[in-house]
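Here are the chains, one letter per residue:
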Amino acid sequence: MSAALDIQGLTTRFDTRGGTVTAVDDVSFSVDRGRIMGLVGESGSGKSVTGFSILGLIDEPGRVTDGRVIVEETDLRSLSPDHLRSMRGRKVSMVFQDPMMTLNPVLRIGDQMAMAVRVHEPMSKAKALERARDALGTVGIPSPEERLAAYPHQLSGGMRQRVAIATALLHRPAVIIADEPTTALDVSIQGQILAEVRRLADETHTAIVWITHDLAVVSSLADDICVMYAGKIVERGTAEEVIGQPRHPYTRGLLDSVPGQHAPGTHLPQIPGSTPQLSHLPSGCPFRNRCPRATQLCASAPPLARFGDHTALCHHPLETT
Amino acid sequence: MTAPLLEIDTVSKRFPLKATLADKVAARLAGRSAGGAVHAVTDVSLTVERGEVVGVVGESGCGKSTLGRIVSGIYAPTEGTVLLDGKPVATGREDHVNKLTTRVQMIHQDPFASLNPRMKVGETISEGPRTHGIVSAAEVGDKTRALLEQVGLRGDYADRLPHQFSGGQRQRIAIARALAMQPDLLVLDEAVASLDVSIQAQVLNLFLDLRRDLGLTALFISHDLSVVRHVCDRVAIMYLGRVVELASAERLYAEPKHPYTQALFASVPTLGTGRQDFRPIKGEIPSPIDPPPGCAFHPRCPFAGPRCRVEIPRLTDAGAGRTVACHLNDGGVGQEAAA
Numbered sequence: 002m003s004a005a006l007d008i009q010g011l012t013t014r015f016d017t018r019g020g021t022v023t024a025v026d027d028v029s030f031s032v033d034r035g036r037i038m039g040l041v042g043e044s045g046s047g048k049s050v051t052g053f054s055i056l057g058l059i060d061e062p063g064r065v066t067d068g069r070v071i072v073e074e075t076d077l078r079s080l081s082p083d084h085l086r087s088m089r090g091r092k093v094s095m096v097f098q099d100p101m102m103t104l105n106p107v108l109r110i111g112d113q114m115a116m117a118v119r120v121h122e123p124m125s126k127a128k129a130l131e132r133a134r135d136a137l138g139t140v141g142i143p144s145p146e147e148r149l150a151a152y153p154h155q156l157s158g159g160m161r162q163r164v165a166i167a168t169a170l171l172h173r174p175a176v177i178i179a180d181e182p183t184t185a186l187d188v189s190i191q192g193q194i195l196a197e198v199r200r201l202a203d204e205t206h207t208a209i210v211w212i213t214h215d216l217a218v219v220s221s222l223a224d225d226i227c228v229m230y231a232g233k234i235v236e237r238g239t240a241e242e243v244i245g246q247p248r249h250p251y252t253r254g255l256l257d258s259v260p261g262q263h264a265p266g267t268h269l270p271q272i273p274g275s276t277p278q279l280s281h282l283p284s285g286c287p288f289r290n291r292c293p294r295a296t297q298l299c300a301s302a303p304p305l306a307r308f309g310d311h312t313a314l315c316h317h318p319l320e321t322t
Numbered sequence: 016m017t018a019p020l021l022e023i024d025t026v027s028k029r030f031p032l033k034a035t036l037a038d039k040v041a042a043r044l045a046g047r048s049a050g051g052a053v054h055a056v057t058d059v060s061l062t063v064e065r066g067e068v069v070g071v072v073g074e075s076g077c078g079k080s081t082l083g084r085i086v087s088g089i090y091a092p093t094e095g096t097v098l099l100d101g102k103p104v105a106t107g108r109e110d111h112v113n114k115l116t117t118r119v120q121m122i123h124q125d126p127f128a129s130l131n132p133r134m135k136v137g138e139t140i141s142e143g144p145r146t147h148g149i150v151s152a153a154e155v156g157d158k159t160r161a162l163l164e165q166v167g168l169r170g171d172y173a174d175r176l177p178h179q180f181s182g183g184q185r186q187r188i189a190i191a192r193a194l195a196m197q198p199d200l201l202v203l204d205e206a207v208a209s210l211d212v213s214i215q216a217q218v219l220n221l222f223l224d225l226r227r228d229l230g231l232t233a234l235f236i237s238h239d240l241s242v243v244r245h246v247c248d249r250v251a252i253m254y255l256g257r258v259v260e261l262a263s264a265e266r267l268y269a270e271p272k273h274p275y276t277q278a279l280f281a282s283v284p285t286l287g288t289g290r291q292d293f294r295p296i297k298g299e300i301p302s303p304i305d306p307p308p309g310c311a312f313h314p315r316c317p318f319a320g321p322r323c324r325v326e327i328p329r330l331t332d333a334g335a336g337r338t339v340a341c342h343l344n345d346g347g348v349g350q351e352a353a354a
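These protein sequence lines are chains A and B, in that order. Residues in the first sequence are numbered consecutively from 2, following our numbering. Residues in the second sequence are numbered consecutively from 16, following our numbering.
Derived by calculation from the structure, the hints in this document are not laboratory data. These figures come from a predicted structure and were not determined experimentally. Positions of the beta carbon are idealized from the N, C-alpha and C atoms, including for glycine. Take these hints with a grain of salt, some might be off.
Unchecked claim - Just so you have them, the derived chain B footprint on chain A, three or more residues with Cβ under 8 Å:
| hint | stretch |
| --- | --- |
| 1 | 72 to 81 |
| 2 | 96 to 104 |
| 3 | 151 to 163 |
| 4 | 193 to 207 |
| 5 | 246 to 256 |
Unchecked claim - Selected chain B positions facing chain A (Cβ under 7 Å, derived; list incomplete):
| hint | residue |
| --- | --- |
| 6 | E74 |
| 7 | D211 |
| 8 | S213 |
| 9 | A216 |
| 10 | N220 |
| 11 | L221 |
| 12 | L225 |
| 13 | S241 |
| 14 | P284 |
Said to hold, decoys possible - Cβ pair distances, simulated, as ranges:
| hint | chain 1 | residue 1 | chain 2 | residue 2 | range |
| --- | --- | --- | --- | --- | --- |
| 15 | A | G266 | B | R329 | 28 to 34 Å |
| 16 | A | P265 | B | V325 | 36 to 42 Å |
| 17 | A | T267 | B | S75 | 38 to 44 Å |
| 18 | B | R329 | A | M102 | 26 to 32 Å |
| 19 | B | P317 | A | S280 | 34 to 40 Å |
| 20 | A | T66 | B | E164 | 55 to 61 Å |
| 21 | B | P317 | A | T267 | 33 to 39 Å |
| 22 | A | A185 | B | L115 | 33 to 39 Å |
| 23 | A | G35 | B | T96 | 37 to 43 Å |
| 24 | A | E61 | B | K135 | 55 to 61 Å |
| 25 | A | P293 | B | P132 | 34 to 40 Å |
| 26 | A | M116 | B | E142 | 36 to 42 Å |
| 27 | A | E74 | B | S75 | 52 to 58 Å |
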């Protein structure tokens, strides 16, 4: 079976006053239908820029300089702007952290969803509204008929995010890119949405890329995990492999620093230093000046260490524990 | 036994809503008074002993930040009193609050908003103690450097501006500024919520060190259950303005009693291998403008009975220092009338 989304060597650079920085550096991964890929990283790791690069939403001074983004056998990077626009929302859609990036505040929910339907598929407005209502029902919105007539400000944050997800689902896309979609929500509402998303992936076979900084969320939601650091994917594997037996020292450090698994009041294991600035990366492995396992070898570019399909970009990956 | 350092006694805070002209007309026609109020905090009582760290946990709109601001003397409560060492932290009502003490210091969530971008870090830290005569002009420089070192930064950073620091470093500066006032009580309002997890661990470790070295007393406000468990001795769970459960962290996490606490714990994703079976709380958080009658949680509660819809549950003793505001713990929820 071919993957719904296959990314090869994706590279995005930004021209800044301090020179060109590489925000996404040779990123490759693929997601099969019905699977959820968790893309995890801290701020500045390039996880969101990766999401935007997939959809061709990078603006000046940034540009995607290299790589392929293949959605159901079409390379999005080879398409004309018009053709790409016809793919967005139909084959690939995006859910943002702030649902108001998706929703128009002065249009009724039904009107804007029907518009999103008819952009890609000519049909009567009544039929489009019917599709919108069904999509709202799919994401667990109670009495969807009434919500069609509501304006975004009449809905709570959690409801708006559901509407944004329902809008992303309107054309049954092969791929949904979700960028921190539950970060701004309360835990009880986040729990509801995570449960719905898991169900959607299972039932509609949509491939989902879930971008987040929250390790607990990906560990409980995702099938596969990519860990990003300074624009690179430093570790990739199934959720079980990456969480249960991390190979990259950065992943290990990140997992250890989550409170809740240590005796209360004790020192948390911490990664020294701070998240790097892309304009001042060390040579070789970008993590080496914070890494407990670093040696002189790490000044050269790290190789991809393989443990079956589980990989780590590291000179000194962790052995079995 | 000595009196607790902080005593919050049946504190309520309501924010009146400004009525629009249309509201006023509608109210006049209907023969009622215009304008409601946001019931941010209702009947909260809580004590913090010297050297204790008490967590306040809840979702947005539960009133935890408002409570923190009342304790800091930024808001005056609508009803009730807040005493620090037996003396009120503020006088006045509503718009005319007079903060009476510098002994409570607050640390805010966003270190990008809480530091003056045009002020050198050293000035930011020393402004308070100089103004209040806590340090003399001669020793200000040394004190400031010592504070910066205490929070894990270099003393010569005092001459730098906030934009030269990362988020984690800025939060350390905010902590140094609070400590400079030699406070008896710290109020931390989501102090690590905006930090990356690796940086959050650093700041939590700093807090634990400072607590050990200085015997800090703190009210630790957070939505993050695992962070609270790590640093707090006792925890109050708030829902829609009220404390619904209060217990030692150990007991609360071992066995949450209130149905809301249970549901909250069940919806939190935990780090582990294998898919988690989410059992989310149904429904949404009601509006604090018009809270449901009876127990505020009853529309979402799987155990709710007729009594929950009419009678507000009081905090009652559930053994071993735990109190719970739930009818299940206080005589039952009542029987449904036969249809």
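Any CB of chain A closer than 7 Å to the CB of B:S241? At about 3 Å, which falls below the 7 Å cut-off, the nearest Cβ of chain A leaves the hint on B:S241 intact, so it holds.
Take the C-beta atom of A:G35 and the C-beta atom of B:T96, compute their distance, and say whether it sits inside 37 to 43 Å. 58 Å, violated
That 33 to 39 Å hint for A:A185 and B:L115 (C-beta), does it hold up? 36 Å, holds
Hint check, B:A216 versus chain A [nearest Cβ-Cβ separation less than 7 Å]: 4 Å, holds
So does B:P317 sit 34 to 40 Å from A:S280, Cβ to Cβ? With Cβ atoms ~53 Å apart, the hint is violated.
Within 36 to 42 Å or not, the Cβ separation of A:M116 and B:E142? Because 54 Å falls outside the window, the suggested range is violated.
At the C-beta level, are A:T267 and B:S75 separated by a distance inside 38 to 44 Å? Distance hint for A:T267, B:S75 is violated at roughly 30 Å.
Against chain A, is B:N220 within 7 Å by beta-carbon distance? 5 Å, holds
Cut-off 7 Å, beta-carbon criterion: hint that B:D211 touches chain A: Check passed: Cβ of B:D211 comes within 4 Å of chain A, closer than 7 Å.
Hint says 33 to 39 Å; check whether the CB-CB distance for B:P317 and A:T267 agrees. 35 Å, holds
Hint status (Cβ of B:E74 to nearest Cβ of chain A, threshold 7 Å): 4 Å, holds
I want to verify a distance hint. Is the separation of the beta carbons of A:T66 and B:E164 within 55 to 61 Å? 44 Å, violated
Going through the hint list in order, the structure does not satisfy hints 1, 2, 11, 12, 17, 18, 19, 20, 23, 24, 26 and 27.
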